[in-house]
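Enquirer: All chains, please: the whole structure from these sequences, using the hints.
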Amino acid sequence: MKKLNLLIAFVILFNCEHKAQVNPKQEAVINAVPIEVPLENGMARAYFASGCFWCVEAIYESVNGVDEVISGYSGGYTNNPTYESSNTGTTGHAEAVEVIYNPKVVSFETLVDVYFASQNPTQVNGQGPDKGSQYRSIIFYQNDEQKQIILNKKSALAKKLNANIAAEVYPFQKFWIAEDYHQDYEKRNPGNRYIIGVSIPRLERFQAKMPEVLKEKH
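In this text, residue positions in the sequence shown follow the working numbering: the first is 1342, and each later residue adds one.
It is possible that part of the hints are untrue.
[Said to hold, decoys possible] Mimicking SDA-like on lysine to any residue, the simulated pairs with C-alpha atoms at most 25 Å apart in a straight line are:
1) LYS1515 x ASP1525
2) LYS1550 x TYR1522
3) LYS1528 x ILE1411
I should point out that these hints are in silico values taken from the structure, not numbers from a laboratory.
In this text, all values refer to a predicted model and were calculated from it rather than measured experimentally.
Expert: So this is what it looks like as structure tokens:
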């Protein structure tokens, strides 16, 4: 009986400690009502976090139907995040992209397929050499239909790989545009060592997996 009581006490203590470690501000973000971004000139917007935004921006810009991709920050609880502050891992934000696309040419469902095909879906808190909560994988939904698409694809991939899928699923709240020097970084810095060694190989791996969704010239 004493052993049983000790075990129960340990479980209660562990659960209390575990709950105490949950950031209530981040929890509020996760449980928020999603904000739906209206079409503008026939263009829709989708939001993804998948490691370094330099890489993700280039990947989505290669997809047919995507008009523009903007690098930024999302998923956190602080206002006006910067590259320096997000790198501390204390803002709750992850490096993310805003994908501006024509829904008549490419669907949100296909953009989710691109998301999973362009990363290591089992890596937690990072992609490749980039590690930390600011590089974690998040897919943002704006309505129940998008949420169900994400959850279905995540579940199917988990079964296919027989592994846990690291991507978190968040209701979209706000996207903060990153500093100007981050935009179109791969295009403007082709000789950068990171671009050559990490970003371009990641782009090429994705393009080999999904050639059917690529623009004719990219």
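Enquirer: Could you run down the list of hints and mark each one as holding or not?
Expert: Here is how each hint holds up against the structure:
1. The straight-line distance between the Cα atoms of LYS1515 and ASP1525 is roughly 21 Å, inside the 25 Å bound, and the hint therefore holds.
2. This hinted pair does not check out: LYS1550 and TYR1522 have alpha carbons roughly 30 Å apart, beyond 25 Å.
3. A hinted pair counts as satisfied when its Cα atoms are at most 25 Å apart, and LYS1528 with ILE1411 qualifies at roughly 13 Å.
In terms of the numbered hints stated before, the structure departs from hint 2 and from no other.
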